[in-house]
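Chemist: Take a look at the letters that make up each chain.
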Amino acid sequence: MSFDLNFIGILIGAIMASSVPLILAASGELITERSGVLNLGVEGMMIIGAISGFALMVVTDNLFFAVIGSMLSGLIISVIFGLLTQSLLTNHVATGLALTIFGIGMSAMIGKNFVGIPGKEFPLLFVNLKESIPFLGPIFFGHSIILYFAFGLPFLTNYFLKKTKTGLIIRAVGDSPTSASNQGINVTLVRYSCILYGGAMCGLAGAYLSLIYTPQWIENMTGGRGWIALALVVFATWSPIKVLIGALIFGGITILQLHMQAVGLRIPVQLLSALPYIMTIIVLVVISRDSRKIKLNTPTSLGQIFYKEK
Amino acid sequence: MIRVEKRNDVSRSIYFLTPVLAIFLTLFGGGIIFFILGFNPIEALKFFFITPISDLYGLSELLVKATPLCLIAIGLSFCFKSNNWNIGAEGQLIFGGIVGGGVALLFYNHDGFYVLPIIILSGAIGGMLFAMIPAILKTYFNTNEILVSLMLVYVAKLLLDFLVVGPWSNPEGFNFPETRQFSESARMPILFDGIRIHAGIFITLISVFLSWLILYKTYLGFQIKVSGLSLKTAKYAGFKGKTMIIIVFMISGACAGLAGVGEITGPIGQLHRNISPDYGFTAIIVAFLGRLNPIGIIFASLIVALTYLGAETAQIFLQVPKYTGQVFQGMILFFLLGSDYLLFFKIKFLGLKKNEL
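Sequence order for the protein chains is A and B.
The numbering used here numbers the first residue of the first sequence as 1 and each following residue consecutively.
The numbering used here numbers the first residue of the second sequence as 311 and each following residue consecutively.
With the rest of the complex left out, here is chain B (with noise of 0.2 angstroms):
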């Protein structure tokens, strides 16, 4: 006999335990879907989970995918908290790099320590500028962000497109849809010779700590808070909503353009058409599984950046597209989502009681 009871309050613990019950039901799950295309699922997963990290190059490379994931869903988590569904972070993302990119072209004959910091700051008013366009569009006309920031993926990608066909093509890069390299004084300083982690792992670190004193430290991430608990409570407390929301697309507009911005100036050097492995859509997930929590969206950025080096490496081994790594991201949501059933409900098992028999 199985009976569902509702809870009366939502126990902590169970909380943050179940992401880790999602993360075991993916592999699960992901386990099932290489058995049936053909594979020994342990193997499988062996070569998806723990082949990628199991040396110091793979860890490297981890915390290099971890490091933009971490940071615009740490800008994601100031939306979603205040229930602005802000899911163009890719756009802002790409116009971050575009403006970082421009500025770097434009600094190409110039050296000097000021140069880095220019193109990281341009590139976050880029992203910031970029989410403005849905917020606005919201609190004035009344529009639909969800819709308007994802159309402005769109464009953004083809802004980006065009201006590497077009005109901040390389000239001497034979029509190949391209910026030249960046020079050496607008690349982030690496880490550790031979493994490409880079500077922009502190710029990810220092926006999760000033996020954490952001939202639970000021009168704004009160704000923030209980606009995301209840409206009706915001605006009877007289919150400026208008203001939080523009200012919350701002936040998240801005981390995911220095993620735009770090990704050109750091692995990438360059500008060209896929700037991003869809890192801006990746994040909503990491913001989810991090329960929108600063420390919560590290570990849940380290796990999804994972599923992007297990699809590379199950890509070379195993012969399976890439795209599985978005497979398991979406098996990830959906079962995180399905286990906060277990928040709001208690599953009782009940045996049959000794009067029945």
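Isolated chain A, as found in the complex (with noise of 0.2 angstroms):
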């Protein structure tokens, strides 16, 4: 019996590790659209993380470097995203999908160099206490420090947006960014940094699927979790803490269906892969049925552009 409990431990601690690029690339997505700002790039953002935080990697042999470089380099695709649809005023949604054909192709005219090298032993932490305690062990000790901040992030959002001043701002910006800017809010600004931040979140994302998860570079590794991310989003109703819980949701059907793949069930192969899909849509439609849920918790000027007459 212990030994059974203990596998369903180290089941639940394998769909934490899964859920773990969904939880960073959606409350850093959560932020910037609670701005009011629809970032599509979020996929083009993971991807350029992941290969920028494996290239540093093998070329510093340093993982602390590979990290920050990932989120910087997030950060910088992000900028792209900013001066197009702040400075220069353009539509989120197609400024949104170049960012993610860009950084797929930019990704992979990177990483050419970089396929098939092995990657690094990343350090987990509590490794004993994780074969010490049964059941338990597996659930809370044994991962990267990264997995430990993305499951605190969603309450460091949630405090952030509701208890500060800043994520007041933010709120008031993506809520009425005309009544925010009357207010002497620079409205420009406080989206410029919500992108960045976002931008950076997507790029440490990414790096966590090529430093930790699969660790080795693979083009398109993403694999369309950019995607589900953006989908949590609206899944959570623009909340962090269901961002998280969506988020274990995903990782758990990921999971599963990957041991039902190695039980060797009968059922195809490629209907298992596409069910996190198959369940995004009809998530999606459970949640969206309800148009009045999503008007009231929907930044009211989402995806719209602001433009101050000078």
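Rather than coming from a laboratory, the hints here were simulated on the basis of the structure.
This structure is a prediction, so every number in the text was calculated from the model and none was measured.
There could be a bad hint or two in this list.
[As the list claims (entries may be wrong)] A few chain A residues that don't get close to chain B, going by computed Cβ distances all over 12 angstroms:
| no. | residue |
| --- | --- |
| 1 | Ile8 |
| 2 | Leu136 |
| 3 | Asp175 |
| 4 | Gly252 |
| 5 | Leu284 |
[Unchecked claim] Here are the in silico distance ranges between beta carbons for each label pair:
| no. | chain 1 | residue 1 | chain 2 | residue 2 | range |
| --- | --- | --- | --- | --- | --- |
| 6 | B | Ser495 | A | Leu83 | 51 to 59 angstroms |
| 7 | B | Lys527 | A | Phe155 | 51 to 59 angstroms |
| 8 | A | Lys293 | B | Lys552 | 17 to 25 angstroms |
| 9 | B | Gly348 | A | Leu83 | 26 to 34 angstroms |
| 10 | B | Ile500 | A | Leu83 | 44 to 52 angstroms |
| 11 | B | Asn350 | A | Leu83 | 26 to 34 angstroms |
Every residue gets a Cβ at the ideal spot worked out from N, C-alpha and C, and that includes glycine.
Put the complex together from the two separate chains, hints included.
Modeler: Rendered as structure tokens:
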């Protein structure tokens, strides 16, 4: 019995690990969207983060630089999005798509020389506790520091948005940029900062994939996780805590699907692999059916262009 | 001194000139990237944009690639004009290919003029039905069409993978993930010997004409344009918004499905895992670069098709990955969107006035 319990613990630990990139990217995007900006470039920023993290790890042989560098590169590429949507007032949807296409192409171009290089072992914390405590050990211990950060992030984000002045300003900008602007808030600056923060978090999410989760570089390795993260923000009706729950559900589906494949059920592999995407659609339908509920929580100015006459 | 002023009205000439500006800026940006990679930028750009189309075969390849791009973008223009963000054309293309390919396999032992039209029609219907999923979910369940149409791309890809590996794989194919080659009567006629340009180009040209007719000469086209400009106005005018959303998605899905079936019955001739090099996504760029205008889209599809060919040539001659094409495509869209700023704002370069000196 204790063996089974331990196995469930390991399973939960694996689910947590697979939800980390979703939590990071979705929490970042949530802040961006709360300021009224819809950045569909999550997938592109994540993949740039993944390759730059991996490339820096190979070149510098230093995981700290790799992680910081991946965040920086996510941030840098989101500057393009900021410049276009905030300074040149372009359409958010089209710009985000361009960012994703550009990011995927750019990552493959940079990554050409890094294909097939094995990754480096990322230090895991409290490994001895993981092995000595049954069930709870594999759940709470033996993870990377990024996982602990990711699981704290939704709570921090929640506190930040609800209890701090900066959080209030961000929400004000997202809900009514004109009134915020009349109050003397620099809307463009706030939105720029939120875009850059979102970019950094997506970069970190990508680095988690290429440095820890599957430590190597594979072209297109984000495999739609960026889009699922975007769906998670809607699923969570822009509430950080629900992002955490949603990410765990999707992580659960991913791991379940892998285990069903491993067990060799007579269900086609492709159908199982399609499960996370089909589930995303179903969940979106269930959540969105009540249009009032969605409208109540959506940042009012989401995706709209703000221009202040000088 | 530089001063930015808001324009009172959009200048039509600038509206169609900014795409040209965007293309030049992309060339410039691409040159810089090639320079960073350690190539002579002029030489590299020549390999990318001139070498591929310097002979008849190359020109035919350009049209082969532009055929699906133009067709999908024409369909997308209906969605984008009415503010419906169908970004899952890639999935609709694949699903159209699956349905058309299935019918082609069904008619494997049939000969006759009727085979190809049935295949083409079923491909169009397949794409159309697939596009109706996000449309119906949007209209009746208020679901975000961007995310749904995109998720369905992955579903379609996995479905295709399942079919070509499993039930539809070639019985004599040594377990390669592909179906058998379609019979001759299921293939698009080749227009000239020795080059790959096929009859699919006529489907594209007819669709361009029809889309012009619908958009500019019918009440539906008027509704689509008004809804795109202002949803409130459209509601006030009493347009049936839900029906229109479903119709634009159907048109767009049918075009993508046609493009898919054109690929599998044209250059490919069977179903396998990669029936499209992301045409469905690239067509989004084509639609914008062509200003959602049928004629504009023709030109845009040729230019974007060139980035595909250029990437292939550059892969051979410069050993850069084929994804370079995507970098160029992304840049085109960045620069295009950015240069739209000039549509709404005038940038004035003011000299110092005499009395200021």
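Chemist: For which of the previously enumerated hints does the structure constitute a violation, in increasing order of number?
Modeler: Hint check: 5 fails alone, others pass.
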